[in-house]
Structures are given as structure tokens and as C-alpha cells.
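Chemist: Sequence:
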Amino acid sequence: MATTAKYNILGANASTTNWDGSPLTLAYRESAAMPQTTNGSMVFAYQNTASLNNAGKLALTSGGSQPSFLNAPALLSQPNILVNNWQANNLNVTNVSVAAATPIWIEAFGPGLPGQKPVTLAINTALTLKPGAVAQGTSTPNWMQLALGTNTGQLIIVAVVGGPQDASGNNAYAIALNSPSGNTGPGTGTPAPQGYYATTGGNNYSFEFNWGSSVVYVANMSPSTASSLTAQLLSL
Numbered sequence: 001m002a003t004t005a006k007y008n009i010l011g012a013n014a015s016t017t018n019w020d021g022s023p024l025t026l027a028y029r030e031s032a033a034m035p036q037t038t039n040g041s042m043v044f045a046y047q048n049t050a051s052l053n054n055a056g057k058l059a060l061t062s063g064g065s066q067p068s069f070l071n072a073p074a075l076l077s078q079p080n081i082l083v084n085n086w087q088a089n090n091l092n093v094t095n096v097s098v099a100a101a102t103p104i105w106i107e108a109f110g111p112g113l114p115g116q117k118p119v120t121l122a123i124n125t126a127l128t129l130k131p132g133a134v135a136q137g138t139s140t141p142n143w144m145q146l147a148l149g150t151n152t153g154q155l156i157i158v159a160v161v162g163g164p165q166d167a168s169g170n171n172a173y174a175i176a177l178n179s180p181s182g183n184t185g186p187g188t189g190t191p192a193p194q195g196y197y198a199t200t201g202g203n204n205y206s207f208e209f210n211w212g213s214s215v216v217y218v219a220n221m222s223p224s225t226a227s228s229l230t231a232q233l234l235s236l
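Numbering-wise, the sequence shown is residues 1 to 236 according to the numbering used here.
Think of the hints as simulated: they come from the structure by calculation, not from any bench.
Incorrect hints may have been included.
Restraint ranges, calculated between C-beta atoms of paired labels, are given here [as the list claims (entries may be wrong)]:
1. G187 with I123: 30 to 36 Å
2. S213 with S68: 18 to 24 Å
3. Q145 with F69: 35 to 41 Å
4. S224 with F69: 34 to 40 Å
5. V98 with P23: 23 to 29 Å
Glycine is no exception: its CB is placed at the ideal position from the N, C-alpha and C atoms.
All chains, please: the whole structure from these sequences, using the hints.
Modeler: This is the structure in C-alpha cells:
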């Protein structure tokens, strides 16, 4: 009888065995274990925070799967993004960088993750989200606009989840404001960086959609030192 292979990264020291997606920095060979992901799209962010030009790498395993490896280039100001649906399986993340002095910052957001306390995203009402804060509301069956903005020039990373799933089973969108990548994504003629839906060099972005009556989830994924995000869900 065939058995499912189990993959473990040898020498990994668990920095946390009950990771809930909160921001966490993994040192060399440290790992984080999320006992159960959501049964839907999640936005996973990671960034090599080494002060030297050390190439970084993460290994991800879920549900006994073969590891997938994510490169984390050094000296980038904008986090890398992975959008995925791990289908309520566990998730293990390990820093497998070659150089010891290569810490990698990680975080994850998605509706239903434990520890999150979403505020209400009411239609036609602006709200302010500090880094790490989340909001959740319901769209109406017509065209809607999600207006995102900040009054500073700091990089802001936003996760939006909702609406129908695409061919890969995902329905999450990562958007960056004040991005060093400039204006990318739909309507710009320039593809967004891998994992992102869109980026803008300015401090405002509008996202239009018609999802019927759907949950709309918004998270400020920016580092703790970043400024707040203003979000407003408008009915058009």
C-alpha cells in the first residue's frame, strides 16, 4: 500500500508551533507552523531583511506535500507575495537560506484566520486601518468601488479577498501603494510583480468590481512602521 511522503527540513528550529499569520521574522533554519489554514485564498507576504546582499529562500510544505521553494532576493524594499489556497491544510514555513545572516520576515492574511478581529466595512463609510488591521463587509449586487489611500509616501501593502474564484481557485488580490514598481497591473500595459494584482506609484488606488452579494475582506499588510490605510467601499 502506497504511503504519503512526509517532508521535513532537517535542523529546523521551530520559532513558533502555532503561527496565526501575524508578522514574524524567521532566522536561519527557523520555521513557523500554522496548524490549519483557511479553506479559501490567503495572501502570504515575505521579505528578506538581511543587511548584506544575501540571497534568501523559504521552503513551504502543506498537508504532507512536497516542499515548494520561494526565493527571497536581498535588499528589496517591497515584500514578495504569494496568493494561494491551502484548502484548510496545515502550513509550515522554513528559512532555508544558505547564508546564516539572512532573516526573512513573513506574514499571512485571509478571512477566518484565528486572532484576527475584523472591523465592519460599511458601504459608503470611510475607515482607517493601521498595519495589521483588517475589515470585512458585504457588497451589493451592482458595481462597487473600493477606494484605497494613504496621506504619506510610505509603501502600503493591501490584501483584498472576495468574489468568484479564478481558474486556480483563488480570489485574493494584493495591491501596493507608493510602490517602487510604479503603476502596474490592469489598465497600465505593464504586468504587476509576481503575486501582485496591481501596484501604483501614487498614494491612492481604486478597485472596481461586481461580485453580487459577496464578502469583501481588506487587510493592511504593511510593516508595523508603515502608516495607516484609508479604505472606503462605495456603491456605484
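Chemist: Take the hints in turn and mark each one as holding or not.
Modeler: Hint check:
A hinted range of 30 to 36 Å for the beta carbons of G187 and I123 is inconsistent with their spacing of about 24 Å. Distance hint check: the CB atoms of S213 and S68 are about 35 Å apart, inconsistent with the given range 18 to 24 Å. Between Q145 and F69 the beta carbon distance is about 38 Å. The supplied range of 35 to 41 Å therefore holds. Between S224 and F69 the C-beta distance comes to about 27 Å, which lies outside the given range of 34 to 40 Å.
Taking 23 to 29 Å as the suggested C-beta distance range, the pair V98 and P23 conforms, at roughly 24 Å.
Taken one by one, the earlier hints fail for this structure at numbers 1, 2 and 4, listed in ascending order.
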